[in-house]
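Student: Sequence:
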Amino acid sequence: MRVRAFIGAAIAAICLGSTSSGNAAEDKTVEACLTGSAYLDAAETVDQCDKALRVADISPRTRSAVNLQIGEAFYFAGRPGIAIPYLDEAIKLDPKSGQAFRRRGWSQLRLENISAAIADFTEFLALSPDDPDALFAIAFARDSTTHNCAAAASDYERILEHHPGHYLTRKALAGEYACIDGHGMRQLQELNKILAAGRDAIADTNYFGRRGRNDRDFYAAVLEERAGIYYDTRQWKEAAADFTWLIDHYPFIFAAHINRSYTRMETGDVAGALADAD
Numbered sequence: 001m002r003v004r005a006f007i008g009a010a011i012a013a014i015c016l017g018s019t020s021s022g023n024a025a026e027d028k029t030v031e032a033c034l035t036g037s038a039y040l041d042a043a044e045t046v047d048q049c050d051k052a053l054r055v056a057d058i059s060p061r062t063r064s065a066v067n068l069q070i071g072e073a074f075y076f077a078g079r080p081g082i083a084i085p086y087l088d089e090a091i092k093l094d095p096k097s098g099q100a101f102r103r104r105g106w107s108q109l110r111l112e113n114i115s116a117a118i119a120d121f122t123e124f125l126a127l128s129p130d131d132p133d134a135l136f137a138i139a140f141a142r143d144s145t146t147h148n149c150a151a152a153a154s155d156y157e158r159i160l161e162h163h164p165g166h167y168l169t170r171k172a173l174a175g176e177y178a179c180i181d182g183h184g185m186r187q188l189q190e191l192n193k194i195l196a197a198g199r200d201a202i203a204d205t206n207y208f209g210r211r212g213r214n215d216r217d218f219y220a221a222v223l224e225e226r227a228g229i230y231y232d233t234r235q236w237k238e239a240a241a242d243f244t245w246l247i248d249h250y251p252f253i254f255a256a257h258i259n260r261s262y263t264r265m266e267t268g269d270v271a272g273a274l275a276d277a278d
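So for the sequence shown, this note's numbering puts the first residue at 1; every next one is plus one.
Keep in mind the hints are simulated off the structure, nothing from the lab.
Wrong hints could be hidden among the right ones.
Simulated pairs of lysine to aspartate or glutamate, EDC-like, Cα-Cα distance not exceeding 16 Å [what the hints assert, rightly or not]:
no.	residue 1	residue 2
1	LYS51	ASP27
2	LYS92	GLU112
3	LYS193	ASP232
4	LYS193	GLU157
5	LYS193	GLU225
6	LYS51	GLU26
7	LYS96	GLU112
8	LYS28	ASP57
9	LYS237	ASP217
10	LYS237	ASP278
11	LYS237	GLU224
12	LYS96	ASP131
13	LYS237	GLU266
14	LYS193	ASP143
Restraint-style ranges between C-beta atoms, simulated for each label pair [to be verified]:
no.	residue 1	residue 2	range
15	PRO60	ALA241	46 to 54 Å
16	VAL270	ASP88	57 to 65 Å
17	CYS179	GLU112	15 to 23 Å
18	ALA126	PHE254	26 to 34 Å
19	ALA196	ARG54	45 to 53 Å
20	ALA241	PRO85	40 to 48 Å
21	GLU238	GLY165	40 to 48 Å
22	GLU161	ARG79	20 to 28 Å
The model shown is predicted, which means the values in this text are computed figures rather than measured ones.
Even glycine gets a Cβ: it sits at the ideal position worked out from N, Cα and C.
Taking the hints into account, I'd like the entire structure generated from these sequences.
Tutor: This is the structure in structure tokens:
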């Protein structure tokens, strides 16, 4: 949400004529870049923002936002090494761009540059004290070096005490509970808390596993994880319901068809199992 507010401010500045030469076509080029979704439409964002970088006479802060958009797009396209130079430039042009520090940190983390990632997340937190994204990122990066499930769970529990609606933290906590307990009630409870918020409420939660607009969203990713727990714990009715939702919304998820077939076999629905297998 913060990056949207930042982009909105940049667009407002463009509309006031303070960031460009006043050329309407150039203004629209920059606006199209800044209003695109780097998360959902990575290739289109890179193409549009590359054009925006060629626009002269835009402010350093707006040029920073353009570089940030390209960095975001490459990150979500699975190219963190390409993202980092654009994020470097975004920070150089606007050293107070917390979002650029955040995304560069995640890019460094995906490249296993842990100390660099933590440094960026620390800068992000300094710019936005008590920010749950920054707190989660630092905890996640630290856990990637220690692999201490109990310590990580404690970190995530502390974050959720003050930010109960930070869904990435809650999903990570569910994973740590699975590490500690094996599949169990604590993991399931945390996933259910996310799903209970509703698909619309968590629609803005960005996670790296999504591959564009047509791939499963965060709600579906959480539901798929819950379906796996139900399946592994032989809760066939609940598992079948989750797999059915996934198939209805994302028919390309091959595993959902196969797993629902098995659940139907277990409950005596041979015809349904064969239909899924087909």
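Student: Please work out if LYS51 and ASP27 have their alpha carbons no farther apart than 16 Å.
Tutor: Judged against 16 Å, a Cα distance of about 11 Å means the pair holds.
Student: Quickly compare the C-alpha distance for LYS193 and ASP143 to 16 Å and report which way the hint goes.
Tutor: violated (23 Å)
Student: Assuming the hint says 26 to 34 Å, is it satisfied by the Cβ distance from ALA126 to PHE254 or not?
Tutor: Given range 26 to 34 Å: violated, Cβ gap about 45 Å.
Student: Can you tell me whether the CB distance of ALA241 to PRO85 sits inside 40 to 48 Å?
Tutor: holds (46 Å)
Student: Given the hint of 20 to 28 Å, is the C-beta distance from GLU161 to ARG79 inside that range or not?
Tutor: violated (36 Å)
Student: Take a look at whether the Cβ-Cβ distance between PRO60 and ALA241 falls inside 46 to 54 Å.
Tutor: About 52 Å separates the Cβ atoms of PRO60 and ALA241, which means 46 to 54 Å holds.
Student: Verify the proposed pairing of LYS28 with ASP57, using a straight-line Cα cut of 16 Å.
Tutor: The hint holds at about 14 Å.
Student: I want to verify a distance hint. Is the separation of the beta carbons of CYS179 and GLU112 within 15 to 23 Å?
Tutor: Roughly 20 Å apart at Cβ, these two residues keep to the hinted range, so it holds.
Student: Given the hinted pair LYS237 and GLU224, is their alpha-carbon gap at most 16 Å?
Tutor: Cα-Cα ~15 Å, so holds.
Student: Given the hint that LYS237 pairs with ASP278, test it: the Cα-Cα distance must not exceed 16 Å.
Tutor: violated (21 Å)
Student: Given the hint that LYS193 pairs with GLU225, does the C-alpha gap stay at or below 16 Å?
Tutor: Holds, because 13 Å separates the two Cα atoms, which is no more than 16 Å.
Student: Check whether the Cα positions of LYS193 and GLU157 lie no farther apart than 16 Å.
Tutor: holds (14 Å)
Checked against the numbered hints listed earlier, the structure breaks hints 2, 3, 7, 9, 10, 14, 18, 21 and 22; every other hint is satisfied.
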